[in-house]
Amino acid sequence: MILGSRKVWLYWAAGMAWFYLLLWPLMGIGADGTVTFADSLTVWGYVAAISAVLLALRQQHARGSFTAVTTPLARALGGAKAGMDRVPPVVWWSLALCIAAALPFGTSRYVQDVAINVLIYICLGLGLNVVIGLCGLLDLGYIAFYGVGAYTYALLSIHYALPFWLALPVAAALAALAGCIIGYPTLRMRGDYLAIVTLGFGEIVRLILNNWMALTNGPNGILGIQPPTIWWPNFEGTFGFELLQLKKLTAMYFIILGLTIVTIVAVHRLNFSRIGRAWEAIREDETAAELMGVNTFRLKLLAYAMGAVFGGLAGAFFAARMRFVSPESFSFIESAMVLAMVVLGGMGSIPGVMLGALALVALPEVFRQFELYRMLAFGGAMTVMMLFRPKGLWPAKRFGARSEEMD
Amino acid sequence: MEFFIQQVINGLTLGGLYALIALGYTMVYGIIQLINFAHGEFFAAGGYMGVILLTFLAAHGYMETHPWFCLFGALLLTMGYCAMLAMAVEKVAYKPLRYASRLSVLLSALGMSIFLQNGLMLTQGVYDKAYPTDFTSGGLDFGLITFSYMQILIVAVTIILLVGLNALVFRTRIGTAMRATAQDKVMSSLVGINSNRIIATTFAIGAALAAAAGIMIGLYYGSVRYDMGFVPGIKAFAAAVLGGIGNITGAMIGGLIIGMVEIFAAGYLSSEYKDVWAFIILIAVLYFRPTGIMGENVNDTRV
Chain V
367 MILGSRKVWL YWAAGMAWFY LLLWPLMGIG ADGTVTFADS LTVWGYVAAI SAVLLALRQQ
427 HARGSFTAVT TPLARALGGA KAGMDRVPPV VWWSLALCIA AALPFGTSRY VQDVAINVLI
487 YICLGLGLNV VIGLCGLLDL GYIAFYGVGA YTYALLSIHY ALPFWLALPV AAALAALAGC
547 IIGYPTLRMR GDYLAIVTLG FGEIVRLILN NWMALTNGPN GILGIQPPTI WWPNFEGTFG
607 FELLQLKKLT AMYFIILGLT IVTIVAVHRL NFSRIGRAWE AIREDETAAE LMGVNTFRLK
667 LLAYAMGAVF GGLAGAFFAA RMRFVSPESF SFIESAMVLA MVVLGGMGSI PGVMLGALAL
727 VALPEVFRQF ELYRMLAFGG AMTVMMLFRP KGLWPAKRFG ARSEEMD
Chain B
-2 MEFFIQQVIN GLTLGGLYAL IALGYTMVYG IIQLINFAHG EFFAAGGYMG VILLTFLAAH
58 GYMETHPWFC LFGALLLTMG YCAMLAMAVE KVAYKPLRYA SRLSVLLSAL GMSIFLQNGL
118 MLTQGVYDKA YPTDFTSGGL DFGLITFSYM QILIVAVTII LLVGLNALVF RTRIGTAMRA
178 TAQDKVMSSL VGINSNRIIA TTFAIGAALA AAAGIMIGLY YGSVRYDMGF VPGIKAFAAA
238 VLGGIGNITG AMIGGLIIGM VEIFAAGYLS SEYKDVWAFI ILIAVLYFRP TGIMGENVND
298 TRV
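As given, the protein sequences belong to chains V and B, one line each in that order. Count the first sequence with my numbering and you get residues 367 to 773, in order. Count the second sequence with my numbering and you get residues -2 to 300, in order.
The hints are simulated quantities; they were obtained by calculation from the structure and are not laboratory data. Positions of the beta carbon are idealized from the N, C-alpha and C atoms, including for glycine. Be careful, since some hints might not be right.
What the hints assert, rightly or not - Reference excerpt, derived from the structure (chain V facing chain B, CB under 7 angstroms, subset only):
id, residue
1, Y559
2, I570
3, N577
Turn these sequences into a full structure, and let the hints guide you.
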């Protein structure tokens, strides 16, 4: 779009005037009835300056002022990409694994903490990716399965002292069951309706966790969850095995790293199996898939259950790591976070989702001093992403547009 | 028995407010098939504009000299503000995506919702903001039951707005254009309707109604909070679906039903789970009768 330069700036000015009209009442009128302009003008000034610079750059770009720089850069990047494509993916994956395995050595607790968070969110994102990226079902209540997994381990641990490793499959099974319960009545719906109903289910789960005092201790949460244990060989004195509680952050890091690897491998294998192809067929065109003999209902239910399993595993780990769960951790905004990771990274693409999780967990840590503006930037980024790069940072290779959306 | 009648009155008040919010959802969905996630934030912004304007007026003493003038002035200004906000959001976040996939628009709306909610939090603070209390006291006492003045005001304003909206949609040229655009965007633009302008108008009207609901809920409960848009937004959406999404009369009926059910569930069953009922109704309606009470037969792709 190359409009006449003056017209674009006219639009910009009109937009900025509109923005100031919207901004001023919120910042300019004090509780005691005083009227100020300074605060709102400062914020407005920043926004206006940044948008003016971006617009000017865009204008110059459209006019072709940067071709001297961008053309060689694009060629170099293309060459580098071709070179990287020639290296088999297994090399890249092993490199990533080596870095991940070496990370806890020589780094601070803070870094390990952030890394654990990133890995939890990678698990969640990959689980949601099965539902939304592979099968095309928009699920806005995904965090409910995370909550089911977390509370399953929490309750089993404090009431029956069940070890973490035994609780893990139980949590996964219960989450899958929850996925089926939620999936069964909702899967006849499509698109937007499914989104809003799953959102409703997510809220119901949170409200139940919040209000069922006898079971979940309500908003106070559950304390005193046991950390994972492991039989460790004891070489001092008589040889034997002793039960070791894994309280150290490094140990927790390796547990979640293991879970993440399991999740990645499982999702990858699912993606390139018959089931994965059927899911993709459902995503692209449900009616056509059904006509080709795909049992859409059963496969959609399976997608829900599989997605829930990974959410449940991550939830059980979350309970074991925090050793405290409360309904606050499972609110709608968490669902939106996980969804944003999947969308930001690229739906249906495993490296994309990992990149998305890394970006959304690690970047806010870098900009720690702007903590307050984190969610603001997050919401804005979600919209901007949809406007400029709807397929994500690292789009999946096989992805089409749903035929029902073409008309 | 008194308790029952009192609950009916409370239910009508709350239901009317849900109906006002639901109208915005249903009109926008009817015209561009989008669940406008940011709609709840227009409602919250309305509540905040109300508290800002009324405290300003109260601080300068106008509330004592011209109370009704202040109240209706604040209501109109708030509605105008939210209409402007909605038009800006539509222009920035939805209009460029008019021909993109449905998922993209939905996520863009979700992003806008989070953005606006946090914008409110950053400019107005995380704590509850209290409304001036000049209006909330007093009421008509009929012995067994009482109407508070607030409830009378809410019901009256709601009825006026609903009647006005009906007149706008079914009696004016712009309403005809809106209905034509909702039925077929291409055909209506062929007969000379500027569909982009009509869509922006629809957003503005819906947001103005939500803003009116926001200011009245603020007056009713006495305070507003930056995240107050989320739960009423979902309930209003449930109301819109219950009535048959895209159907204006249906949204009004659906809002009243959801309000009644919530009040009765809180009064007779348990108040902890009162928020659950709207979701359960929503799921049940979508499962058994996806077109809602008043909805016409929509084809497979819509549901």
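Status of the hints after comparison with the structure:
| no. | hint | verdict |
| --- | --- | --- |
| 1 | Y559 | 6 angstroms, holds |
| 2 | I570 | 5 angstroms, holds |
| 3 | N577 | 4 angstroms, holds |
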